[in-house]
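Heads up: the sequence shown runs through residues 6 to 109, numbered per my numbering.
Hints were generated in silico from the structure; no laboratory data involved. There's no promise every hint is true.
What the hints assert, rightly or not - Restricting the straight-line Cα-Cα distance to at most 20 Å, the calculated cross-link-like pairs of lysine to any residue (SDA-like) are:
| id | residue 1 | residue 2 |
| --- | --- | --- |
| 1 | Lys94 | Val74 |
| 2 | Lys55 | Leu13 |
| 3 | Lys55 | Ala19 |
| 4 | Lys94 | Ala45 |
| 5 | Lys102 | Val34 |
| 6 | Lys94 | Ser104 |
| 7 | Lys55 | Val34 |
| 8 | Lys55 | Arg81 |
| 9 | Lys94 | Ile65 |
| 10 | Lys102 | Gly6 |
| 11 | Lys94 | Asp67 |
| 12 | Lys102 | Glu54 |
| 13 | Lys94 | Gly56 |
| 14 | Lys102 | Ile91 |
| 15 | Lys55 | Glu7 |
| 16 | Lys102 | Leu52 |
| 17 | Lys55 | Cys98 |
| 18 | Lys94 | Val34 |
To be verified - Cβ-Cβ distance ranges computed for the label pairs, FRET-style:
| id | residue 1 | residue 2 | range |
| --- | --- | --- | --- |
| 19 | Pro50 | Ala92 | 40 to 46 Å |
| 20 | Val33 | Leu69 | 35 to 41 Å |
| 21 | Lys102 | Val48 | 15 to 21 Å |
Ideal Cβ placement from N, Cα and C applies to all residues, glycine included.
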Amino acid sequence: GEPVPFCLARLPMAGENRGNLAAGGSGVVQPLSDRDYWIAERVGPALREKGLLFVGLDIIGDYLTEINVTSPTCMREIDRAEHTQIAEKLIACIERKVSSASAG
Numbered sequence: 006g007e008p009v010p011f012c013l014a015r016l017p018m019a020g021e022n023r024g025n026l027a028a029g030g031s032g033v034v035q036p037l038s039d040r041d042y043w044i045a046e047r048v049g050p051a052l053r054e055k056g057l058l059f060v061g062l063d064i065i066g067d068y069l070t071e072i073n074v075t076s077p078t079c080m081r082e083i084d085r086a087e088h089t090q091i092a093e094k095l096i097a098c099i100e101r102k103v104s105s106a107s108a109g
């Protein structure tokens, strides 16, 4: 339920407008901007209320363009570059949720 402090900026290859990795774009890991945190703070409560523990926010420029709830990507790239252990933290969060649901 908390923002990962890094994102993967997707940059288009020369002569291309699309930055998706499948279209030949490259990914650059970078820290979240103040605006990224601001957006996450605004949408986070609604996502948590819906029980969504892990989502990907697509932000282009300063604007939220998409919320990926079924297949957030780029965890491995961010982990590799910044040693964040996102998957480990996610599994621990899920285990806590399951444990508290079982206890209650």
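Against the structure, the hints:
Proposed proximity of Lys94 and Val74 is supported: the alpha carbons are some 17 Å apart, at most 20 Å. Taken as a hint, the Lys55 and Leu13 pair is broken in the structure, with Cα atoms around 25 Å apart against an allowance of 20 Å. Simply put, Lys55 and Ala19 have alpha-carbon atoms about 40 Å apart, too far for the 20 Å limit, and the pair is violated. About 18 Å separates the Cα atoms of Lys94 and Ala45, which keeps this hinted pair within 20 Å; it holds.
Taken as a hint, the Lys102 and Val34 pair is broken in the structure, with Cα atoms around 29 Å apart against an allowance of 20 Å. At most 20 Å may separate the alpha-carbon atoms for a hinted pair to count; Lys94 and Ser104 meet this at roughly 15 Å. At roughly 28 Å between alpha-carbon atoms, Lys55 and Val34 are farther apart than 20 Å, so this suggested pair is violated. For the proposed pair Lys55 and Arg81, the alpha carbon gap of about 26 Å is over 20 Å, so the pair is violated.
A C-alpha spacing of about 26 Å is found between Lys94 and Ile65, which places the hinted pair above 20 Å, so the restraint is violated. A C-alpha spacing of about 11 Å is found between Lys102 and Gly6, which places the hinted pair at or below 20 Å, so the restraint holds. Of the supplied pair hints, the one linking Lys94 and Asp67 is violated, its CA atoms being roughly 27 Å apart against a limit of 20 Å. Using a Cα cut-off of 20 Å, the hinted pair Lys102 and Glu54 holds, with the two alpha carbons roughly 14 Å apart.
A threshold of 20 Å between alpha carbons decides the hint, and for Lys94 with Gly56 the separation of about 17 Å falls inside it, so the pair holds. Restraint check for Lys102 and Ile91: the C-alpha separation of about 17 Å stays at or below 20 Å, so the hint holds. Restraint check for Lys55 and Glu7: satisfied, since their Cα atoms lie roughly 15 Å apart, inside the 20 Å limit. A hinted pair counts as satisfied when its Cα atoms are at most 20 Å apart, and Lys102 with Leu52 qualifies at roughly 15 Å.
Restraint check for Lys55 and Cys98: the C-alpha separation of about 16 Å stays at or below 20 Å, so the hint holds. Note on Lys94 and Val34: the hinted pairing holds, with a Cα-Cα distance of about 19 Å set against a maximum of 20 Å. A hinted range of 40 to 46 Å is violated for the C-beta pair Pro50 and Ala92, which are about 24 Å apart. Taken as a hint, the range 35 to 41 Å is violated for the pair Val33 and Leu69, whose Cβ atoms sit roughly 20 Å apart.
Between Lys102 and Val48 the Cβ separation comes to about 20 Å, which falls inside the hinted range of 15 to 21 Å.
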